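**Q** Sequence:
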Amino acid sequence: MHAYIRMLMVGFTGMWMACGSPAGTPQAENQQLGQAKISWQDTLADLGTIKEGADVTYTFTFKNTGNADLQIQQVIPSCGCTVADVPSVPVHPGQQGHIVIHYHSAGQTGEQTKQITIVSNALPAKQSLYLKARIIQP
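Residue numbers for the sequence shown, in mature numbering (1 follows the signal peptide of the UniProt record, and there is no 0): -23 to -1, 1 to 115.
Since the hints were made in silico from the structure, they are not lab data. These numbers come from a predicted model, not from an experiment. We treat Cβ as the ideally placed atom computed from N, Cα and C, and that holds for glycine. Hints are not guaranteed to be accurate.
Now the in silico label distances, taken between C-beta atoms and shown as ranges [what the hints assert, rightly or not]: (1) G87 x D46: 37 to 43 Å; (2) G25 x V77: 15 to 21 Å; (3) N44 x Q104: 15 to 21 Å.
Computed cross-link-like contacts, BS3-like style, restricted to lysine-lysine with a CA-CA straight-line distance of at most 27 Å [said to hold, decoys possible]: (4) K28 x K91; (5) K28 x K40; (6) K109 x K28.
Whole structure, please, built from the sequences with the hints as guidance.
**A** This is how it looks when you write it as structure tokens:
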């Protein structure tokens, strides 16, 4: 009788391992939920030469190439001279979205590079965008 029960346990263990992760495990839940992915049209905006004090706007375009809704959770500019408008609604798989950056060049001169960190539910969770400009006196 003990040998029979042992054989049943070995058989069930083999079947369980062959079937992969049981429902409810993190691996199975991630496969069911999917994953958002950001594909950027560009990550560097070269604004060229602008006069000190000018306000410039640039739009970064991205596409959700994943298989789950993409949610931009936070935008962190490297300085107070940069402000971002981000989508407040999720970007569905296959759809495009935009992050509009407003750059205020007042008080700056010379070559400038500004970083904008994007935090989302995509992998990787943090990604960087960059603004580059040469600021001249008016």
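**Q** Each hint: holds or not?
**A** Hint-by-hint comparison with the structure:
1. In this structure the supplied range 37 to 43 Å holds for G87 paired with D46, their Cβ-Cβ distance being about 41 Å.
2. Roughly 18 Å separates the CB atoms of G25 and V77, a value that falls within the hinted 15 to 21 Å.
3. A hinted range of 15 to 21 Å holds for the C-beta pair N44 and Q104, which are about 18 Å apart.
4. For the hint pairing K28 with K91, the CA-to-CA distance comes to about 17 Å; that is within 27 Å, so the pair holds.
5. Between K28 and K40 the CA atoms are separated by roughly 32 Å; this puts the pair beyond 27 Å, and the hint is violated.
6. For the suggested pair K109 and K28, the alpha carbons sit about 14 Å apart, so the restraint of at most 27 Å is met.
This entry does not satisfy hint 5, going by the numbered hints stated previously; all others are met.
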